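Respectively, the protein sequence lines represent chains D and F.
Everything in the first sequence is counted per the numbering used here, starting at 20 for the first residue and increasing by one.
Everything in the second sequence is counted per the numbering used here, starting at 172 for the first residue and increasing by one.
Hint data in this document are derived by calculation from the structure and do not stem from the laboratory.
Keep in mind it's a predicted model, so treat the numbers as computed, not measured.
Idealized CB from N, CA, C, for every residue including glycine.
Wrong hints could be hidden among the right ones.
If you anchor each label on the Cβ, the simulated ranges turn out as follows [what the hints assert, rightly or not]:
| no. | chain 1 | residue 1 | chain 2 | residue 2 | range |
| --- | --- | --- | --- | --- | --- |
| 1 | F | Val-520 | D | Glu-214 | 52 to 60 Å |
| 2 | D | Asn-49 | F | Ala-186 | 51 to 59 Å |
| 3 | F | Tyr-561 | D | Glu-214 | 41 to 49 Å |
| 4 | D | Ser-64 | F | Leu-189 | 37 to 45 Å |
| 5 | F | Ile-459 | D | Arg-157 | 53 to 61 Å |
| 6 | D | Ala-92 | F | Leu-476 | 36 to 44 Å |
| 7 | D | Ala-100 | F | Ser-540 | 23 to 31 Å |
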Amino acid sequence: MTQKSVIEVSHLYKAYQTAAGPFPVLKDVNLRINQGEYVAIMGPSGSGKSTFMNILGCLDMPTSGTYVLDGHAVAGMEANAVAGVRNQTIGFVFQGFNLLARSSLLDNVALPLVYSRIEKAERHARAKVLLEKVGLGRHLHSHPNQISGGQQQRVAIARALVNNPRLILADEPTGNLDSVTSEEIMALFGQLNKEGITIVLVTHEHDIADHAKRQVRFLDGEIVQDTLSAAVPVDGVAQ
Amino acid sequence: MFSAMLGEAWHAMGANRLRTFLTMLGMVIGVGAVVLMMAIGQGAEASVKRSISAMGSNLFVVLSGPPRVAGVRSATGNAPSLNVKDADAIAELNDVAGVAPVTMGKAQIVYASNNWNTDIIGTTPSYFDVRSWSVTAGYAFSDSDVRSATRVALVGKTVVQNVFGDDVDPVGQTIRINQRPFVVLGVLATKGQTLDGRDQDDTIIVPLTTAQRKLFGNQLPGSVRQIIVQASSDKVMGMVEEAMNGLLNQRHNIREGTDSDFSVRNLTAIANSAAETARTMSLLLGAIASVSLLVGGIGIMNIMLVSVTERTREIGIRMAIGARERDILLQFLLEAVMISIVGCLIGIVIGVGGAILVNFLTQAEIIVSTDSMLIAFSVAATIGIFFGFYPARKAAKLNPIEALRYQ
């Protein structure tokens with residue numbers, strides 16, 4: 020296995036403090052995701068998949084274990100550096116789109132670049148290119164409430180892409196969309212993956228998960244299944 | 172980066188206009204009140220100061236009396252116990268810069284068909300130095316006029332207006348004072364009102380001897396009502412006062428333990444206490460107005476806390492896409508400061524407008540200084556930062572996961 024890994028977690032353990040003592044959510048999770056992979060993370064509510072996604076997204080820190088993202092150990096980084104990682108290395112796509120209602124689509128997409136200290140002209144130029152790429156080139160100055168849910172999710176994807184991240188983390192990206200729109204969004208993810216971007220998405224819908232090349236299933240804080248889609252053979256699989 | 176944040180703060184302010192306006196109103200009223208109160212206070216202070224400098228600096232007035240007739244004391248200044256020789260003796264004392272003996276009274280004056288009743292001051296040329304009073308047209312009388320008791324007069328502005336009108340140049344004209352003809356030598360510079368509001372320009376000044384012999388005769392030769400003494404600096408005023416008391420007691424044969432037949436008053440001390448009162452008043456007004464600034468600041472803090480709670484999700488999104496703690500802190504701080512600064516600018520406009528209105532309605536003197544605006548501005552900015560900091564920090568310290576989940 021010579022391929023470069025984007026995500027490498029080993030012996031990841033996460034517990035929340037409750038009145039009854041520490042409650043373990045993740046128990047000894049090991050996972051390696053290589054560059055260019057397209058992974059669906061599945062599992063019922065309470066299986067720990069959301070916590071795992073939060074840790075992958077550097078929004079949360081593990082209680083113990085290591086997480087190496089793009090060659091850098093994340094645990095132990097100071098807060099500003101972690102913010103930098105979220106800004107530069109990861110692109111987030113959420114179930115609820117999470118656009119800023121008061122800002123135009125262009126400003127929404129350009130927002131991560133504000134935190135990268137990039138000049139306004141370049142911010143807008145890059146945001147415009149991406150909005151055109153997701154098919155919203157004619158809505159640059161519209162506001163999120165003026166477009167459909169599917170279009171909003173496209174804007175969110177454009178925002179996730181604007182800093183050329185190594186990794187896209189999508190948390191139930193089609194959860195608020197109808198099936199036709201969902202297919203369009205998944206097609207967009209498929210296209211991005213073909214362009215070489217690593218995608219990890221959380222879903223509990225099998226037909227959505229089927230778009231991914233690899234399915235990882237969580238149950239009670241552990242990975243219970245890690246399979247490749249039969250239809251899409253891939254190289255570079257951990258385990 | 173910073174300009175992007177400024178733009179966002181501006182948008183955030185515009186997002187809920189009524190709320191922003193009401194929050195700002197606290198600052199507007201606070202700053203407006205401070206600017207207005209300082210304008211009024213400084214105006215009062217300045218008018219007091221002007222009265223003082225018009226009076227002349229480091230002044231004493233020595234009054235004759237109080238006379239005692241069969242054990243009954245009457246008003247000071249009534250008995251002719253001081254005379255020109257006393258003035259000459261005081262002039263010999265150390266640290267005395269000038270001495271002007273004065274006698275005064277009321278007289279009816281007539282010019283052509285106009286007549287007027289005014290104060291007549293009889294004195295020596297040193298009076299003009301001591302009172303720092305100058306002559307704007309014509310010239311002042313000299314010591315030789317005093318020696319020969321010439322009938323010359325210097326007239327104040329109010330007298331000029333009432334007797335000569337606008338068309339006549341008073342210099343060289345002859346007026347009648349108590350029926351006697353006097354030649355007008357010059358016009359006195361405008362002096363304004365005394366601290367108690369008396370018009371000092373309603374005055375005619377004549378040579379001392381002329382007043383004594385030709386206007387208010389029938390007095391002991393050489394007697395004067397008062398002597399105005401100027402000390403060389405405010406540091407020596409105590410010493411000069413003591414020396415004068417000693418000298419006059421000696422000259423008037425006053426034994427220790429008996430009442431003097433004169434009294435020495437420190438005019439500058441009286442004036443300074445008036446100035447001090449005005450200054451205290453101005454400070455007090457400013458302090459009261461500042462309380463409303465504080466209340467305005469608390470209003471900003473309150474609304475910023477509400478805003479942080481409302482925008483929790485937005486903060487979560489920003490953090491997820493890479494905002495650092497200090498980016499969030501700066502964003503909310505900027506919003507608070509912007510509200511307070513815009514409020515402050517409006518407040519300054521309203522404060523200045525109010526001051527102009529007060530001036531228009533009451534004719535009271537007002538001074539709108541750039542200082543007071545700068546103070547109000549920096550106080551407003553400080554209040555914005557101070558009261559904005561806690562909500563901004565609260566926003567910056569939010570947990571991104573919880574913030575994203577917030578509905």
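Against the structure, the hints:
1. Val-520/F <-> Glu-214/D: 52 to 60 Å: Between Val-520/F and Glu-214/D, where Cβ atoms are some 57 Å apart, the hint holds.
2. Asn-49/D <-> Ala-186/F: 51 to 59 Å: violated (47 Å)
3. Tyr-561/F <-> Glu-214/D: 41 to 49 Å: holds (46 Å)
4. Ser-64/D <-> Leu-189/F: 37 to 45 Å: holds (42 Å)
5. Ile-459/F <-> Arg-157/D: 53 to 61 Å: At roughly 59 Å between Cβ atoms, Arg-157/D and Ile-459/F fall inside 53 to 61 Å, so the hint holds.
6. Ala-92/D <-> Leu-476/F: 36 to 44 Å: Taking Cβ atoms as reference, Ala-92/D and Leu-476/F lie about 37 Å apart, which means the hint holds.
7. Ala-100/D <-> Ser-540/F: 23 to 31 Å: Taking Cβ atoms as reference, Ala-100/D and Ser-540/F lie about 50 Å apart, which means the hint is violated.
Checked against the numbered hints given earlier, the structure breaks hints 2, 7 and satisfies all the rest.
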